[in-house]
Amino acid sequence: MNKLIYLDNAATTKTDPRVVEEMLPYFSEKFGNPSSIYSFAAANKEVETKQRDRIAKSLGAKSNEIYFTAGGSESDNWALKATAEAYKEKGNHIITTKIEHHAILHSADYLEKHGIEVTYLDVDEYGLIDLDELENAIRPTTILISIMFANNEIGTIEPIKEIGEIAKKHNILFHTDAVQAYGHVPIHVDEMNIDMLSASGHKFNGPKGIGFLYIRKGVKIRSFIHGGAQERKRRAGTENVPGIVGMGAAAKLAEDSMAERAKQESDLRDYLINRVLKEIPYSRLNGHPTKRLPNNANFCFRFIEGEGMLIRLDMKGICASSGSACTSGSLDPSHVLLAIGLPHEIAHGSLRLTLGEDTTKEDIDYVVDNLKEIVKGIREMSPLYED
Amino acid sequence: MNKLIYLDNAATTKTDPRVVEEMLPYFSEKFGNPSSIYSFAAANKEVETKQRDRIAKSLGAKSNEIYFTAGGSESDNWALKATAEAYKEKGNHIITTKIEHHAILHSADYLEKHGIEVTYLDVDEYGLIDLDELENAIRPTTILISIMFANNEIGTIEPIKEIGEIAKKHNILFHTDAVQAYGHVPIHVDEMNIDMLSASGHKFNGPKGIGFLYIRKGVKIRSFIHGGAQERKRRAGTENVPGIVGMGAAAKLAEDSMAERAKQESDLRDYLINRVLKEIPYSRLNGHPTKRLPNNANFCFRFIEGEGMLIRLDMKGICASSGSACTSGSLDPSHVLLAIGLPHEIAHGSLRLTLGEDTTKEDIDYVVDNLKEIVKGIREMSPLYED
Amino acid sequence: MYSEKVMDHFENPRNVGEIENPSGVGTVGNAKCGDIMRMYLDIDENHVIKDVKFKTFGCGAAVATSSMATELVKGKTVEEALKVTNKAVMDALDGLPPVKVHCSLLAEESIHAALWDYAEKKGLTIEGLKKPKSDIHEDEEEEEEY
Amino acid sequence: MYSEKVMDHFENPRNVGEIENPSGVGTVGNAKCGDIMRMYLDIDENHVIKDVKFKTFGCGAAVATSSMATELVKGKTVEEALKVTNKAVMDALDGLPPVKVHCSLLAEESIHAALWDYAEKKGLTIEGLKKPKSDIHEDEEEEEEY
Ligand SMILES: Cc1ncc(COP(=O)(O)O)c(C=O)c1O
Ligand SMILES: Cc1ncc(COP(=O)(O)O)c(C=O)c1O
Ligand code: FES
Ligand code: FES
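Protein sequences, first through last, are from chains A, B, C and D.
So the first sequence is numbered by the working numbering: it starts at 1 and just counts up by one.
So the second sequence is numbered by the working numbering: it starts at 1001 and just counts up by one.
So the third sequence is numbered by the working numbering: it starts at 2001 and just counts up by one.
So the fourth sequence is numbered by the working numbering: it starts at 3001 and just counts up by one.
No wet-lab data here; the hints were simulated from the structure.
Quantities reported herein were computed from a predicted structural model and do not represent experimental measurements.
Mixed in with the good hints, there may be bad ones.
Calculated cross-link-like contacts (lysine-lysine; reagent style DSS-like; alpha-carbon spacing at most 27 angstroms) [claimed, not checked]:
| id | chain 1 | residue 1 | chain 2 | residue 2 |
| --- | --- | --- | --- | --- |
| 1 | A | K14 | B | K1030 |
| 2 | B | K1003 | A | K45 |
| 3 | B | K1376 | B | K1220 |
Among the chain D residues that face chain B by a calculated CB cut under 8 angstroms, a handful are [claimed, not checked]:
| id | residue |
| --- | --- |
| 4 | V3048 |
| 5 | K3055 |
| 6 | F3057 |
All C-beta atoms in this analysis are idealised placements derived from N, C-alpha and C, irrespective of residue type, glycine included.
Could you build the full structure based on these sequences and the hints that come with them?
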């Protein structure tokens, strides 16, 4: 197969070659352990600080509020579990949503087994939470609200600023899983009253295996990974210097190009959405029509099962997904699509296309042209479809 | 400064350029998420499996017993915390030693705050545990023995096979922190009855930010990082493909060259030890004279404070350490040196030199020649020293 | 994740379609994954399966096993067709990944269901044929064997 | 982590050594880090510090602050020397990292201890000089401010 059209940027992105360039010297040349005292290695501490500054700046945060982790999942686990631990005197109730990533949901499951009560907010047909419902869910024992910035499947962007205000008003910590949003849409932790924020390098053209947790000064959570005194004693483990450098470089590139990229991606996204809805019968758009990530399109096609569609797209060199990458192998339909009210068999026929900086109009046309044929072919095989 | 003699390979190692070479295609070309279904990305799943095979083979383990993590600290946290959780029906007692790395000790601290009882075994003047003391410490409620394979400061290698036998006899799980040993000395999980083993890529010329936990089939520990279904549902997070490839490549290189490298390093190490003990007065070797890592030498010099010595060595282009890198910044003397019975002020004057594949006899001579001068100079300044 | 044979049968499925006035039709589904398979049989007076067609709403493995199953039973007698197990279908496809074993069960059971329908219509008893369930799945546990 | 001035004073410490028959000697230590500093003063009849030497067992910052402290008090009167605080020493060195602030206290206190010794020997009272403690440390908490 020659053609390759990568439309799964929500699963992971290409590490930008400029980012790799910045990382390279830190493998075999400047390989010192930043915690070491000699100048060869201590210089890496400064390099690290530079990346912290870059990331802090992009969020309107302070440099020492950025803590490096191994990725979004670790950041999410840390935020939830360590908050439950640190604030147990205050209460044992956490509010989150039904459409969170599994890194949040399974951490919440875990906490439920350990005496924490969790409220999972419903969402409407677009995937938006209801602010009144949120406010009503607050109890005197609520210690944390954790609501994702943007959903990884359907791309819906939650009303973060409003959630932040409610959290602040009730003096409750607010964590947001911004793994899909960071580097793609503007975020300001003060204006949005965000106390903790998770992000993952590989979702914004940085490397895999590195992420960060923003922790507002004053939030008293402790370590999730215990050991050495790295990251101001809050996250043990020899620093992944090349990863940190790569994520810092990617954060900078993402910030600098954000406005332009968002415009380009959302124009193409809308073109894609319009063509699909017009040209493919029994198709629907999942997620909010406008409050959505610039690069995300998510559809359901009735009488279509997702895997077959993906394989046929793959045969045409098109990389796409149905549900999220990390639950593939599971037979259950997406919890997100069920939460927005789709019935089981329709939720099965979903397709997520997430664009990147390199995506062109020609790519989109090629995809839609092929998709039409594929959907038609599968429907002809389906015992559910009669046309 | 031009000359650079890196003798801190216990803190971290240079990523072998051949390893970086293997990693490179996985950043910007084959960047797919291994959990994705399309062939472009699914190929990365096979690449991952290949690395798992390589590592499993080096330990006499099965491929599906290797779980990738973000490093040694995460592996250690996982092994301890998840075992305590999974086996709490069986008991609440863990046995470890006083000389473990902080990733173990601080995880144990954490568990002590959560109802787990921990026995910290003493060690003798060489840093070896006493097997009888171990066996006596076992209780009906003991669920885990966690004893490091080799100590990161003084290099002493514990009697792992014998510990494994005791653990097996009493039907208790045995975890070993092999972060310093893996890739440096032969390890066989079956022959040594090891049930879990932690390792970290950057300690054997692989990249930073990647490690693994070996978990014997049948050990029922669950996730430490909850979320997606990666790593057979036991460790969530998008796989760090370049890191995994790098660690696999490094594991292979380490295994292939181990015997030769160990011979070369231990010859030089012994040459270093002999010169230092002969030529520098009031010096002593810490750790066991023969049961030690091939590349580790650790000394105490009386009337000498460590930091000053390190800075002066640094001025001569020599990278060395005192205690471990991740506790630098702390004023406390090494818990390891205190555990082998050194008084406070002597423990302060320790120097760890850890050799690498590239270390030459000329390097050693240069280091010893300079060290003699430096020790002399500092002693002349010391109010404790009268000669 | 799929063998070449699976991909071939998925890409070019054999015997897709319907049979008008079939001797027997069987539809089975797996409630867990939501997939559905329907088999149409045309059986002659000698109990030989002259023609077979299928329609499937399901994953790649479901399509490939339906297709392979039709090939395996075509031309066989009813008694022979009964011996085409999901295992035989999988073997003919060079295997399936573990999470996809249940898909091949759909193929076996949809053939059985069609045969049952045929037997009922004809008032026959076919030895060894049991009334099919409409919801087909293995007794699969959440994979927990560590 | 250290400024250039600190490195310079560490690499080339000024006034290392002992004074025979000093006017005053002071030794202080920090039990926590185990470091020790000793100051020797040679003071003339006009209460002017004519010469000063030190010996230090301690970290880079301890050596540098001892060295700088000797430079700052040399030629000063006893009263002036008393005003050389650890802050003044740190400033003269272009600052120290937070974990190293206590090292500069050793320098201040070892001067004070030597002056106290001088005053005792001479039977003088120096205004503002208190009896030095032998164990010097800040009231440092485990850094926990998040
Ligand atoms: C014995 C030992 N265990 C655990 C670790 C932690 O490994 P890492 O820093 O790669 O997380 C180290 C090294 O820092 C070590 O030497
Ligand atoms: C919303 C969201 N949260 C968390 C994660 C987990 O990030 P990672 O896989 O990098 O650990 C992802 C992506 O997989 C995500 O999309
Ligand atoms: S997943 Fe249901 S038939 Fe394959
Ligand atoms: S660390 Fe004790 S004097 Fe500097």
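*Keeping to a limit of 27 angstroms between CA atoms, is the pair of B:K1376 and B:K1220 held or broken?*
violated (56 angstroms)
_Quick check on D:K3055 please, does its C-beta sit within 8 angstroms of some C-beta on chain B?_
Status holds, d = 4 angstroms.
*Is it true that the CA of B:K1003 sits at most 27 angstroms from the CA of A:K45?*
holds (21 angstroms)
*Hint consistency between A:K14 and B:K1030 [alpha-carbon to alpha-carbon, up to 27 angstroms]*: The hint holds at about 8 angstroms.
*Tell me if D:F3057 is really an interface residue toward chain B, meaning its C-beta lies closer than 8 angstroms to one of theirs.*
This interface hint holds because 4 angstroms falls under the 8 angstroms limit.
*For the hint on D:V3048, does the least C-beta distance to chain B fall short of 8 angstroms?*
Since the shortest Cβ distance to chain B is 25 angstroms, the answer is violated.
Hints 3, 4 from the list above are not met by this structure, while the remaining hints are.
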